[in-house]
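Number of protein chains: 2
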Amino acid sequence: MAESDKREDWVAYRPDIKVLDCTVRDGGLINNHQFDDAFVKAVYDANVAAGIDYMEFGYKGAKEIYPPSKHGPWKHCDEETLRRIVGDNDTSLKIAVMADAERTNYKTDILPRSESVIDLVRVACYIHQIPLAIDMVKDAVDKGYEAMLQLMAVSTVQESDLDAALAIAAESDAGGVYIVDSFGSLYSEQIRALTKKYVSAMDGTGKEIGIHAHNNQQLAFANTIESIICGTSRVDATMAGIGRGAGNCPMELILGFLHNPKFHMRPILECTQEIFHPLSKTMDWGYSIPYAITGQLNQHPRTAIEARAGDAPDDYVAFYDLSVEEMS
Amino acid sequence: MAESDKREDWVAYRPDIKVLDCTVRDGGLINNHQFDDAFVKAVYDANVAAGIDYMEFGYKGAKEIYPPSKHGPWKHCDEETLRRIVGDNDTSLKIAVMADAERTNYKTDILPRSESVIDLVRVACYIHQIPLAIDMVKDAVDKGYEAMLQLMAVSTVQESDLDAALAIAAESDAGGVYIVDSFGSLYSEQIRALTKKYVSAMDGTGKEIGIHAHNNQQLAFANTIESIICGTSRVDATMAGIGRGAGNCPMELILGFLHNPKFHMRPILECTQEIFHPLSKTMDWGYSIPYAITGQLNQHPRTAIEARAGDAPDDYVAFYDLSVEEMS
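From first to last, the protein sequence lines are chains A and B. For the first sequence, our numbering puts the final residue at 328, and the numbers step up evenly by one. For the second sequence, our numbering puts the final residue at 1328, and the numbers step up evenly by one.
Quick caveat, the hints were computed from the structure, so don't treat them as lab data. No residue lacks a Cβ here, since even glycine has one placed at the ideal position from N, Cα and C. Please note that the accuracy of each hint is not assured.
[Claimed, not checked] A few chain B positions that, by computed beta-carbon distances, are all more than 12 angstroms from chain A:
(1) F1039
(2) V1086
(3) L1166
(4) L1269
[Unchecked claim] Some chain B residues close to chain A (C-beta under 8 angstroms, calculated; not the full set):
(5) Y1187
(6) S1188
(7) E1189
(8) Q1218
(9) I1229
(10) G1256
(11) M1265
(12) R1266
(13) D1314
(14) V1317
[Unchecked claim] In the DSSO-like style, the derived pairs of lysine-lysine whose C-alpha atoms are separated by at most 30 angstroms in a straight line are:
(15) K1196(B) / K196(A)
(16) K1138(B) / K1107(B)
(17) K281(A) / K1281(B)
(18) K1196(B) / K197(A)
(19) K107(A) / K63(A)
(20) K197(A) / K1197(B)
(21) K196(A) / K1197(B)
Build out the structure end to end from the sequences listed, making use of the hints.
The structure is reproduced here in structure tokens:
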């Protein structure tokens, strides 16, 4: 192809980049983790067929905080729940779960690795929970798991605090640290600065950098590839971009960009067409203007999610007026 | 705001950046330029209220190629058609039209500026039409207009040919040259390389660089801001991202990024809510997987547009199979 000449960076591929599908985990935030087994199995089968590296099924949420009578099975990811879908997971796809700081009984609910099909524990925390998160990471690694640290809402963290958190993470047992743009508020220049900061803080430790982007400003895919270019090697994506609010980086776009021959597009398209296109008629996710406004204001998308679920989901002007008002 | 510290590039604004709304021109490619006057007036009023710099109404298409019996009024932008909407345009908004090489009787259909409300003529061409386009630019400038050169489908142009075209453009009467990603196939690293090339080729001439991006891979906004960061000062956007196929850079996103105090978000949101949200129920534009596939393959979105208008708009797998097949 003639284009090859000017696309030398793009024509090659980086074998170190690993893709994690967080469809069921992040998508579960829309429906309180109530996906049925057939749905989760379809996503699992598609990921296996597509050669995706990891699939995240949900949370290890504490049952006294999230009673099973009120929350779906993917809020807890009990071992028997996971095995209903994956059996002994005799595939190349690794299984991931998320453990939220202060909302996980990690000492008891995360089993020794020898008793579990789980491969990776992703510990999610806010900046003030870093010490707890580091203990959760250590617990997971001691039990035999790979563990990653997800510092959420990084767009609201002071730079000096972030430096301190990264210094702690660099000394921790975590295999890597993720840049998490929870509010979908970061522009590419900020993603580049953050990625360079994370890369520099982990320099010499062998730890990887990851990116979890949201689509509030239609930048989830763009920010993911920017972060890759600056040195990130772990990326999150979802089928049809499903996820809370404006959703995540769409799987079909990131696979097209990576073009690692181990990945296969067709099973992703098949799953998107058969499962997610119909689902999008009854479940609201993806870009809309209220999410753009919360992203621009560096706010949690909570108010936009409420507006989208309310009587006037497309009253953008009222939402804008209220959002600007509430800043003051 | 605490965030200011780490956003110093983003907190300031660049007064040199001018925004052109091409809603009616690019959106007209969906409905054969059949928008009614009330629609066009609503877009015009919103642009005036929002402080947008330019509004492009349509083409100056030759009537023997595009007979008025078969094409809407915005395919020709006759002087009286424009004046039905803008009168003498006693506003700060400048009026633009597009003139396609080989499809415009530019010598006769573009009037002397003193007889027209038009301010800017954008000459669109493919690489083999550069000599003609340069003559069209000269004709417009001689008549008193500002003129810009739009070299379309740049993702299919050989780099050496592009260098030659830019050298000619640098010597021309054009006020500037646009990077036009007609197929929505370019990634941010390619946008950066192209912008630097265009900036370098125009160095010392006083000519501006512009960007016209498409959203086939959800990168229209991202690529627009990347190009800005690398030196572009003219950007195209549309209401609700309307435009052929996957559409363009959404106006609400670019205004949020630029935050030049002369721009106002509220009239844009009002127009989007009242006109474009209802319109999106009956007109198909915006991201969908067939556009991602043509973007990834660096192909014209024609086949994707046909698929979206056909019996199986969401048969992504069939479209993918056919697209890969037809490459060989």
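Hints, verified against the model:
1. F1039: Since the minimum Cβ distance to chain A is about 18 angstroms, F1039(B) lies beyond 12 angstroms and the statement holds.
2. V1086: 25 angstroms, holds
3. L1166: At roughly 14 angstroms from the nearest Cβ of chain A, L1166(B) sits farther out than 12 angstroms, so the non-interface label holds.
4. L1269: 4 angstroms, violated
5. Y1187: Holds, because the Cβ-Cβ distance from Y1187(B) to chain A comes to roughly 6 angstroms (cut-off 8 angstroms).
6. S1188: The hint holds - S1188(B) has a Cβ within 8 angstroms of chain A, the shortest such distance being about 6 angstroms.
7. E1189: E1189(B) check passes; min Cβ-Cβ to chain A is 6 angstroms, inside 8 angstroms.
8. Q1218: The hint holds - Q1218(B) has a Cβ within 8 angstroms of chain A, the shortest such distance being about 5 angstroms.
9. I1229: Hint holds; I1229(B) Cβ to chain A Cβ min 6 angstroms, cut 8 angstroms.
10. G1256: 4 angstroms, holds
11. M1265: This interface hint holds because 7 angstroms falls under the 8 angstroms limit.
12. R1266: 6 angstroms, holds
13. D1314: This interface hint holds because 5 angstroms falls under the 8 angstroms limit.
14. V1317: OK, holds: V1317(B) within 8 angstroms of chain A, min 5 angstroms.
15. K1196(B) / K196(A): 22 angstroms, holds
16. K1138(B) / K1107(B): 11 angstroms, holds
17. K281(A) / K1281(B): 13 angstroms, holds
18. K1196(B) / K197(A): 25 angstroms, holds
19. K107(A) / K63(A): Holds, at about 14 angstroms.
20. K197(A) / K1197(B): Distance ~29 angstroms between K197(A) and K1197(B) Cα, so the pair holds.
21. K196(A) / K1197(B): Between K196(A) and K1197(B) the Cα gap is close to 25 angstroms, so the pair holds against 30 angstroms.
The earlier numbered hint that this structure contradicts is number 4, and it is the only one.
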